[in-house]
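Engineer: Based on these hints, arrange chain D on the given structure of chain P.
Listed here are the chains, written in short residue letters.
2 protein chains.
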Amino acid sequence: MIHGKEVFEGVEWRIRVADGSSEVLVQETGLARKAWLRIKGLISGLAFKVWMFLKRAWDMGVNDPKKLIHCIKVGLALAIVSLFYFMRPLYDGVGGNAMWAVMTVVVVFEQTVGATLYKCLNRVCGTCLAGFLAVGLHWVANRSGESFEPFVVGASVFLLASVATFSRLIPSAKSLFDYGAMIFILTFSFVAVSGYRVDKLFDKAHQRISTIIIGTSLCIIVIMIVCPIWSGQELHSLIVRNMDKLADSLDGCVTQYFNHRGECTNSNEEADKKLQGYKCVLSSKASEESMANFARWEPSHGRFNFRHPWKQYLKIGASMRSCAYRIEALSSCINSEKQAAEFIKKHLSISCLKVSSSSSSTIRELAETVKTMKKSSTIDLLVGEMNTAVQELQNDLKSLSYLLNPSTIPENKKMKTSMEATATVPLMEIIPVVTLASILIEIAVRIEALVGAVKELAKLADFATHDDKSKQTKTKDKFVPDEKQSEGTMKAFQRV
Amino acid sequence: MIHGKEVFEGVEWRIRVADGSSEVLVQETGLARKAWLRIKGLISGLAFKVWMFLKRAWDMGVNDPKKLIHCIKVGLALAIVSLFYFMRPLYDGVGGNAMWAVMTVVVVFEQTVGATLYKCLNRVCGTCLAGFLAVGLHWVANRSGESFEPFVVGASVFLLASVATFSRLIPSAKSLFDYGAMIFILTFSFVAVSGYRVDKLFDKAHQRISTIIIGTSLCIIVIMIVCPIWSGQELHSLIVRNMDKLADSLDGCVTQYFNHRGECTNSNEEADKKLQGYKCVLSSKASEESMANFARWEPSHGRFNFRHPWKQYLKIGASMRSCAYRIEALSSCINSEKQAAEFIKKHLSISCLKVSSSSSSTIRELAETVKTMKKSSTIDLLVGEMNTAVQELQNDLKSLSYLLNPSTIPENKKMKTSMEATATVPLMEIIPVVTLASILIEIAVRIEALVGAVKELAKLADFATHDDKSKQTKTKDKFVPDEKQSEGTMKAFQRV
Numbered sequence: 001m002i003h004g005k006e007v008f009e010g011v012e013w014r015i016r017v018a019d020g021s022s023e024v025l026v027q028e029t030g031l032a033r034k035a036w037l038r039i040k041g042l043i044s045g046l047a048f049k050v051w052m053f054l055k056r057a058w059d060m061g062v063n064d065p066k067k068l069i070h071c072i073k074v075g076l077a078l079a080i081v082s083l084f085y086f087m088r089p090l091y092d093g094v095g096g097n098a099m100w101a102v103m104t105v106v107v108v109f110e111q112t113v114g115a116t117l118y119k120c121l122n123r124v125c126g127t128c129l130a131g132f133l134a135v136g137l138h139w140v141a142n143r144s145g146e147s148f149e150p151f152v153v154g155a156s157v158f159l160l161a162s163v164a165t166f167s168r169l170i171p172s173a174k175s176l177f178d179y180g181a182m183i184f185i186l187t188f189s190f191v192a193v194s195g196y197r198v199d200k201l202f203d204k205a206h207q208r209i210s211t212i213i214i215g216t217s218l219c220i221i222v223i224m225i226v227c228p229i230w231s232g233q234e235l236h237s238l239i240v241r242n243m244d245k246l247a248d249s250l251d252g253c254v255t256q257y258f259n260h261r262g263e264c265t266n267s268n269e270e271a272d273k274k275l276q277g278y279k280c281v282l283s284s285k286a287s288e289e290s291m292a293n294f295a296r297w298e299p300s301h302g303r304f305n306f307r308h309p310w311k312q313y314l315k316i317g318a319s320m321r322s323c324a325y326r327i328e329a330l331s332s333c334i335n336s337e338k339q340a341a342e343f344i345k346k347h348l349s350i351s352c353l354k355v356s357s358s359s360s361s362t363i364r365e366l367a368e369t370v371k372t373m374k375k376s377s378t379i380d381l382l383v384g385e386m387n388t389a390v391q392e393l394q395n396d397l398k399s400l401s402y403l404l405n406p407s408t409i410p411e412n413k414k415m416k417t418s419m420e421a422t423a424t425v426p427l428m429e430i431i432p433v434v435t436l437a438s439i440l441i442e443i444a445v446r447i448e449a450l451v452g453a454v455k456e457l458a459k460l461a462d463f464a465t466h467d468d469k470s471k472q473t474k475t476k477d478k479f480v481p482d483e484k485q486s487e488g489t490m491k492a493f494q495r496v
Numbered sequence: 001m002i003h004g005k006e007v008f009e010g011v012e013w014r015i016r017v018a019d020g021s022s023e024v025l026v027q028e029t030g031l032a033r034k035a036w037l038r039i040k041g042l043i044s045g046l047a048f049k050v051w052m053f054l055k056r057a058w059d060m061g062v063n064d065p066k067k068l069i070h071c072i073k074v075g076l077a078l079a080i081v082s083l084f085y086f087m088r089p090l091y092d093g094v095g096g097n098a099m100w101a102v103m104t105v106v107v108v109f110e111q112t113v114g115a116t117l118y119k120c121l122n123r124v125c126g127t128c129l130a131g132f133l134a135v136g137l138h139w140v141a142n143r144s145g146e147s148f149e150p151f152v153v154g155a156s157v158f159l160l161a162s163v164a165t166f167s168r169l170i171p172s173a174k175s176l177f178d179y180g181a182m183i184f185i186l187t188f189s190f191v192a193v194s195g196y197r198v199d200k201l202f203d204k205a206h207q208r209i210s211t212i213i214i215g216t217s218l219c220i221i222v223i224m225i226v227c228p229i230w231s232g233q234e235l236h237s238l239i240v241r242n243m244d245k246l247a248d249s250l251d252g253c254v255t256q257y258f259n260h261r262g263e264c265t266n267s268n269e270e271a272d273k274k275l276q277g278y279k280c281v282l283s284s285k286a287s288e289e290s291m292a293n294f295a296r297w298e299p300s301h302g303r304f305n306f307r308h309p310w311k312q313y314l315k316i317g318a319s320m321r322s323c324a325y326r327i328e329a330l331s332s333c334i335n336s337e338k339q340a341a342e343f344i345k346k347h348l349s350i351s352c353l354k355v356s357s358s359s360s361s362t363i364r365e366l367a368e369t370v371k372t373m374k375k376s377s378t379i380d381l382l383v384g385e386m387n388t389a390v391q392e393l394q395n396d397l398k399s400l401s402y403l404l405n406p407s408t409i410p411e412n413k414k415m416k417t418s419m420e421a422t423a424t425v426p427l428m429e430i431i432p433v434v435t436l437a438s439i440l441i442e443i444a445v446r447i448e449a450l451v452g453a454v455k456e457l458a459k460l461a462d463f464a465t466h467d468d469k470s471k472q473t474k475t476k477d478k479f480v481p482d483e484k485q486s487e488g489t490m491k492a493f494q495r496v
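Protein chains in written order, with UniProt numbering: chain P, 1 to 496; chain D, 1 to 496.
One chain only, chain P, in its complex shape:
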C-alpha cells in the first residue's frame, strides 16, 4: 500500500513539472531528469522489495495455513478482550483495570496450546506469589517507619530481583518457570513500590489478579477451541517427518552413488531436495527440545495422555541425529570427485543397495510405528533383513581381497570372480567404495539404536500391539529371523 501511494505521488510530480512544454524542460533540466530517473529507480526498487516480501509472506501463508490460523486467533482473542472496554458493567467490575486483560492476551498467546498453558500458569503463579510477598514486605516496611521505608523496599526489590533473575539462568529452572520468574519480578516491583502510594493495596491486587485470570481464561478457551495446535502433536509429527526424510536421504545418496549422475535431470531439483533431507534432522534439535518442554504442560489430547513420555522423543531425535551425521558423510562421498573404479562399484553395488534399501525400510517402518502408535509386527523381520544385508556386504568386502591379490582366490570361488580378477586392482581405487560401505554398515548399527529408542517409546507410551492381517501376509514369504538376529549387526560389525 505504501508503495502504491509513493508511485502515484511520483507520477503526479512529473506532470506538474512537465506542465507547458515538456521538450524544453527535458533539455533544460538534464539534471532534473537524472534525479527523476534515480528516484524512479529507487521507488521501483523499493516497490520490488516490498512486493517480494509480500509474495514471500503470501507463500508462507499458503504453505503453512497453521500460521495464518494462529494470526487470526490472536486477532480474535484481542477483539474479544476489547469488548470489556465497551461493556460498562464488566469494565466497572474490574475497576478500570481491563488493560491488564489486554496485556495478558498479547503476551501470553502463543502458537501452541502447550506454550500458552505454560505462560498462563506461570503468569498466574508468578503474580500471586509476588503479590503475597510484596504485601508482606509492605507490612514490614510500614512498621519500620517512614524514613526507613524507601531503604527497606529498595533493598528487598534489589535482592529479590537478583535472586529471581539468577533462577532464570539455571537450565533446569529455566525450562519450568523462566516466564514465571520474570512476572514475579515485575509484579513484586509493582506492588512493593506502589504500596507506598496506593492505599487500597488489596483491592488493587484483587483487581489485577481477576483481570489476569480473565485474560488467561480467554486465551486458553480460544487456543483450545479454535483449531488447536498441540506442541505434543507437532513434536510427534516432526519426528515422523524427520524419519521419512532420513530414509529418503539414505536411499537417495546410495542410489545416486551407484547410478551415473545426471541420469534423471528432469526431477533433479526434487531429488536434490530429498538428498538434503538429513539436514532438517541435524538442525531440529532446538525445536524438538522446546516442543517437548511445552508438550508436558498439555492435557490429554487426541492419542496422547497427560503423562505421555515426551522426553523419549528427544532420545529418538538424538538417535536420528547420530544417523544423520553418517548420512552427511555418505553425501560427501557422492560429492567427492574421487570415484572408485567402475567395476568395483559394480561388484559392491548390489549389496550396498540392499543394505540401504533394507535400512531405509526399517526407518520407514519405525516412522509408521510412531505415526500409528501401534507396535510393529514386522520391525524385527526388517532388522533381521538389514543384518543379513550387512553380512552380505561384509562378505562382498572380503571378496574384494581377491581382486587385490588374485592368487588368494580359493578354488571354488575362482569361476565366479574370474571375469573381474584378470588384473590386479590398486588399493587406492578400492578405498572410496570401501569407505562408503563401512559408513553404510555403521548406519545400520545406528539404526538399531534408533529401533531400540522407538521400542522404548512403544513400551513407555503403551502402544497398541499391531494385529493387522494384511501386513503379516505381506511379510509371510520372508525368512523368519531367530531371536538374537536383531542384535546381530553390532556383533557382525565388530567382526569386520
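Everything labelled a hint here was simulated from the structure, so no lab data went into it. A hint or two may mislead.
For chains that are exact copies, the list does not tell them apart, and a pair is met inside one copy or across any two.
Only pairs whose alpha carbons sit at most 20 Å apart, straight line, appear in this in silico DMTMM-like list of lysine to aspartate or glutamate [what the hints assert, rightly or not]:
1. K354 - D380
2. K67 - D178
3. K174 - D64
4. K66 - D178
5. K375 - D462
6. K279 - E289
In this text, all values refer to a predicted model and were calculated from it rather than measured experimentally.
Structural biologist: What follows is chain D alone, placed relative to chain P:
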C-alpha cells in the same frame, strides 16, 4: 532458606510430641513413629534436593561470574527505577505512570548489550508507531458515530493484531522486529481501546512514551557502564573457544586411536572431556545465530566496529560444524570394537599422526588469528605442511597395496617393507584404518574451507597484518610452499 525453616519446624514438632515421657510415646504410637519417620524422610529428601539445587546454583555462579553480575545489574536497575516512586517531583512529572518505567526495565533488561539495545529500540519504535496509528484510528472512529465506534475499533484491532502477528512469523522480519511487533500490538490495543474511555489521550501517550524512554535509557546506561557483556565479544570468544576445542578433539581422537587405550588412566576424565569438545561445536548453532543477530545492534566496542561482519562468523561456525561432523566419525572409529591389525596401524600411525597434528595446528593458528584479529603470517605454511602430510598419508595408503599383494612391490621398495610384508594381510584388517585415514584426509579438506572462511573474515573486518618477528623466525626452518600449494589438498584428495 525454605529448607532450613522446614527442618526447624520438624524438629520443633518432635519435641512437642515427645513432651513428657518419650519412651511411652514411642511404644504407644508405633504408627505415629512411622509417620514421623516418613515425614522426616520426606523433609530430609526435600532438604537434600534443595541443597543440591543451591549447590548447583552456587557452582554455576562461581564458574560463570558473568551471570552473577547480570543478576546484580538487574537488581540495581530495578532499585534505581523504584526511586521514581519515592521522589515526588519525578513521580508527579510522569503523572503516576512510573509503573511503565518499572515494567520496561523488567522486560527489556537482557544479559548482553546487543539484546538489550534490540529490545529498547523495538520497544520505543513499536510504541511510537502503534501510538500514532491508534490515535489516527481513534479520530476516524469518533467521526463514525457512537454506535459504529466499537465495531470500527474492534475490527481494526483484529486486523492489525493479525497482520502484526503474521509479520512475527516471517523469519527475516522476526530477527529484526519480533519484539517490536509484540509491543506494537500491545500499545495499539491499549490506546485504540482506551481511547473510548480516556479523554486525555495525548497526555496519556506523552506520559507513556516518556516513562518508556526513562526506562530504556536507564537500562542502556546500566548495561553499558556496569561490566558490559557484548554479544559480539561473546560470539567472537565462542568461535575462538570452539576452534580450540575442535583442535583438541581432533588431536585427542587420533592419538587415542594409535595409542593403546587406558594408558593414561590418571587424566582419563580430562582427556574424555577434550575428546568430546567437538560436541560443543555441533550444538552451538542456535547460540551463534542469536548472538550474531544481537551483535549487529551494538555500537562500536573494543576492537569491533559498528559494521563488523558478524555474519561471516556464522559462516565460520558452519564450516567448523562440517569439520565436527567428521570428527564425530573419527570418534566412532575409536569406540568401535573392530580394530585394525596392530602392525598396519603402526604402518600408518606416523603419517596419520602427522596429518592430525598439522591439521590441529592449522586450526589453532586460525583460532589465534581470530583471537588477536591479526592476519597470520604462518597460516599458508601450516596449510602447506598439512597438504604435505596428507600426501604422505596417501603414499602410505598406496604402499598398503603391497601388504595385500606382496608380489607387486617394486624392487626398490622391497627392502623397506620386507619386514612387514612377509605374510599377506586380508583386506578386512585394513578397512578400519583405511576408513580412519580417509576421514582424516577429508577433515584436511574441510579445514581448508575453514581457512578460506577465516581469510574472508580477515578481509571483511580488515584485520591488521601480522609482522611479529618471533613468529617468522620460528617457522624459518620450515619449507616454503609454492603459490598453489594451499589448494593442493583438494586436488590431492581428488586424486585418491
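Engineer: With reference to the structure, classify each hint as holding or not holding.
Structural biologist: Each hint tested on the structure:
For a Cα distance limit of 20 Å, the shortest separation of K354 from D380 inside one copy, 17 Å, qualifies, whereas the shortest one across copies, 45 Å, does not. Taking CA atoms no more than 20 Å apart as the test, K67 paired with D178 passes between copies only; the shortest distance there is 15 Å, against 25 Å inside one copy. Within a single copy, K174 and D64 get their C-alpha atoms only as close as 30 Å, which misses the 20 Å cut-off; across copies the closest is 16 Å, which meets it. Taking the shortest alpha-carbon separations for K66 and D178, only the inter-copy value of 19 Å comes in at or below 20 Å, while the best intra-copy value is 26 Å.
Taking the shortest Cα distances, K375 and D462 sit within 20 Å of each other inside one copy (9 Å), while across copies they are farther apart (60 Å). Taking identical chains as interchangeable, the C-alpha atoms of K279 and E289 lie at most 20 Å apart whether they share a chain (17 Å) or sit on different chains (17 Å).
The structure meets every hint from the earlier list without exception.
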